[in-house]
Amino acid sequence: MHRSTRPASRRGVRGFTLLEAIVALVVFSLGAFALYGWLSTNVITLNRIRDRQQLEVAMDSTLDLIRRSNPMETPTGQRKVGDFVVTWTSTPVEPPKTGVDQSGGPSIFMVGLYDLEVRATRDGRELHAFHVRQVGWKQVRTMDDL
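Residue 0 is where the sequence shown starts when you use numbering that gives the first Met the number 0, and the numbers rise one by one after that.
To be clear, the hints were calculated from the coordinates, so they are not data collected in a lab. No experiment lies behind these values; they were computed from the predicted model shown. A few of these clues could be false.
[Claimed, not checked] Cβ pair distances, simulated, as ranges:
| no. | residue 1 | residue 2 | range |
| --- | --- | --- | --- |
| 1 | H130 | N41 | 31 to 39 Å |
| 2 | D114 | G30 | 54 to 62 Å |
| 3 | R78 | Y35 | 44 to 52 Å |
| 4 | D50 | E72 | 29 to 37 Å |
| 5 | D50 | P74 | 31 to 39 Å |
| 6 | T86 | R49 | 23 to 31 Å |
Glycine residues also receive a C-beta, built at the ideal position from the N, C-alpha and C atoms.
Please work from the sequences and hints to get the whole structure.
Have a look at this one:
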């Protein structure tokens, strides 16, 4: 009978071969690259969403500012808030005429309809531009005159 020359502790024990280790690293690397690509895409999407939200806030602020302005008093203007600048130019659509109160009689105001061209910029970069129609008014008499 011939006995094995190997020590008893080594019999039946198998480890990873070099090929198995390389295959495991390749599989892990592919998973890591896929995860990195997914995370990168999510970061890009989140940045786009953030930019869009900032644009929405700027648009709301611009529209609110324009709604509070009176194009009959200030046909062209510019307002600055920090690095945010809103400019507008108005042209009359309807000439000013005497307003009408709830009872159908003349009111104390002259009113006119204006088309406003509005631009909003931040740091010299245009965020958005739009047109809006706005009523202009001017008080021309008092309640005592009616």
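Now the hints, each set against the structure:
no.: 1; hint: H130 x N41: 31 to 39 Å; result: holds, 37 Å
no.: 2; hint: D114 x G30: 54 to 62 Å; result: holds, 58 Å
no.: 3; hint: R78 x Y35: 44 to 52 Å; result: holds, 45 Å
no.: 4; hint: D50 x E72: 29 to 37 Å; result: holds, 35 Å
no.: 5; hint: D50 x P74: 31 to 39 Å; result: holds, 33 Å
no.: 6; hint: T86 x R49: 23 to 31 Å; result: holds, 26 Å
Consistency note: the structure conflicts with none of the earlier hints.
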